[in-house]
Amino acid sequence: MSIEFKQITTIAQKEFWDRIRNRWVLAVTAIFIFFALVIAYFGASQEGVVGFSSIELTIASLVSLAIYLVPLIALILGYDAIVGERERGSLDLLLALPVTRLELLLGKYLGLSTALTFSIVTGFGLVGLFLSYQINLGALGHYAGFMVSTILMGMAFLSLSFLISVFATNKTIASGTAIALWFFYVLVYDLILLGVLVVTEGQLGGDFFPFLLLLNPADIFRILNIFSLEQVKTLYGLATVFPESLANPWLLSGSILFWIVAPLGVAYWKFK
Amino acid sequence: MKENIIKVRQVTKRYGDILAVDSANLSIQKGEIFSLIGHNGAGKSTLFKIMLGLLQPGSGEIGIQGKAVNGKQFRQVRRHIGYLPENVVFYDHLSGLETLRFLGSLKGADLGTCEALLDKAGLLKAAHRPVRGYSKGMRQRLGFAQALLGKPEILFLDEPTTGLDPAGIREFYQSLNELKQQGMTIILSSHNLAQIQEKVDRIALMKLGSILTVGTVQELREQLDLPLQFQVALHPSAENSLRRALAEFPDCETHIDGNMVSISCSREQKMALLTTLATTEGIEDIHIQEPSLEDLFLGYVDESTSSQQPAVQN
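Chain order of the listed sequences is A and B.
Every letter in the first sequence is one number past the one before it in the numbering used here, and letter 146, counting from 1, is 463.
Every letter in the second sequence is one number past the one before it in the numbering used here, and letter 4, counting from 1, is 1321.
One or more of the hints may lead you astray.
[Said to hold, decoys possible] FRET-style restraints, in silico, Cβ to Cβ:
1) ALA579/A <-> ILE1335/B: 51 to 61 angstroms
2) SER319/A <-> GLY1375/B: 25 to 35 angstroms
3) VAL516/A <-> GLY1375/B: 48 to 58 angstroms
[To be verified] Just so you have them, the derived chain A footprint on chain B, three or more residues with Cβ under 8 angstroms:
4) 1364-1373
5) 1397-1409
6) 1422-1429
Calculated directly from the structure, the hints in this document are not laboratory data.
Model, not experiment: these values are computed from the prediction.
By construction, the Cβ of each residue, glycine as well, lies at the ideal position given by its N, Cα and C atoms.
Generate the whole structure from the sequences, applying the supplied hints.
See below:
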């Protein structure tokens, strides 16, 4: 079945402007700015100092912030995209129009990911401007890399939220699953990996174990950012844990793109 | 012979053990007002959704204007269809005008017609108000307006008068008539039989997923041959002469209540009885009532139920 781009952009525009009108974009941008400034200022307090420290440490702190905040916001943004329409009863109205299910899914995804991207770029961008007095050209690249990877991580979790939204039979189940997924990927997944490593004293898994991190978009985001920052790598002592092959930016980018495309693809298969 | 604009062939849809639509066959003619009637749960909405391509049938075929509803030309088919779902729901935060513009641009309609459609629906003053502030009747009228986006050739209206007040219902049927005059084909479902019986060209009676019969109200009356009801106003002194006159009609059921007499008789005896009553002394008024659509519906439902009963005799 053919795809009409106009149908996708019409739906995307509505979704985006809905999030502007209901102040979702404003609220999320404000949350990003507030937490980013707090983290940037107090991020080095573990070392006994406060204030804006080096850009690398600031980015490392922002990475920790984004890893908690962005997946949660993306999952909350998208969990009711389809199930909400179905439960409200407006889905039939849309599907009786000359619109395919793929166009509807892609339109909604495009609109919501634009809203999320807009908030990330505005929120973290303004903080970046605020910190610009200490950003040299190299650091600017790192900061831009952080923002791009944050957007990609957000899009991956948004894609997962669409998967939930298509499979869930009602909004309550969808929201519960979204929160459970956030707990799993952001709080539990690394603990399980670490736990298995500790319990088996490193016997299980061996070389492939670090690659299991690629099964978690939040971990891919962490690795993407940490490997790009020499100072942070030393600070985290991670260089000794991860094999160099994992630091291949193509592998990492490919993995995060997989996490954007695959859940959306499965969602479409089910929705169809 | 009019062109069949919609053809439904042997369409069946199951939900687990429940047969929602059972081998349905329909041919809907261009330019007619066609109604699916039946109790709630008879399968009307499911058949509607299958005709619109919103549900995939388990088996069978649907053709709209000679094209498969979900085939390669589905966009072309859907641009010519307007649909008002049962209990239509909109986006509460959008205004009436924004709603029409959004749906209209997806339909490829001329967005310049949105205000005229709102005006026709009596919603122009509320055009810029969010839909959340609309009453149920206003939402229903907005639903009807959106179904007319892009000048469709076929309208599917699922329980279209839900939430409308009596004046709104009358306006709605007036609009349907105007649209019919313009050549539009209209398919509507309803369980309010009294409301539609004089306003539709043909009806299909549905029960438990099956189409029991299809025809005009008159055809169905003849098919089922339900008795006619005579309401007779009688002078108090004329009861005996009436009883003598009715002795010629032993098959008629008579019920006398003071001055009012109701007589139930077959269609065949209509003229003979009328002649007799007209010449009987003391008859002050006669009113003949055809069986209503509701009577027909109940008659068919009873008939189909009794034919489905296992023939067990003790």
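Results of checking the hints against the structure:
1. ALA579/A <-> ILE1335/B: 51 to 61 angstroms: Given range 51 to 61 angstroms: violated, Cβ gap about 35 angstroms.
2. SER319/A <-> GLY1375/B: 25 to 35 angstroms: Hint holds: Cβ distance 27 angstroms, inside 25 to 35 angstroms.
3. VAL516/A <-> GLY1375/B: 48 to 58 angstroms: holds, 52 angstroms
4. 1364-1373: holds (count 4)
5. 1397-1409: holds (count 8)
6. 1422-1429: Holds: 4 residues of the segment 1422-1429 of chain B have a Cβ under 8 angstroms from chain A.
When the structure is compared with the earlier hints, a violation turns up for hint 1 alone.
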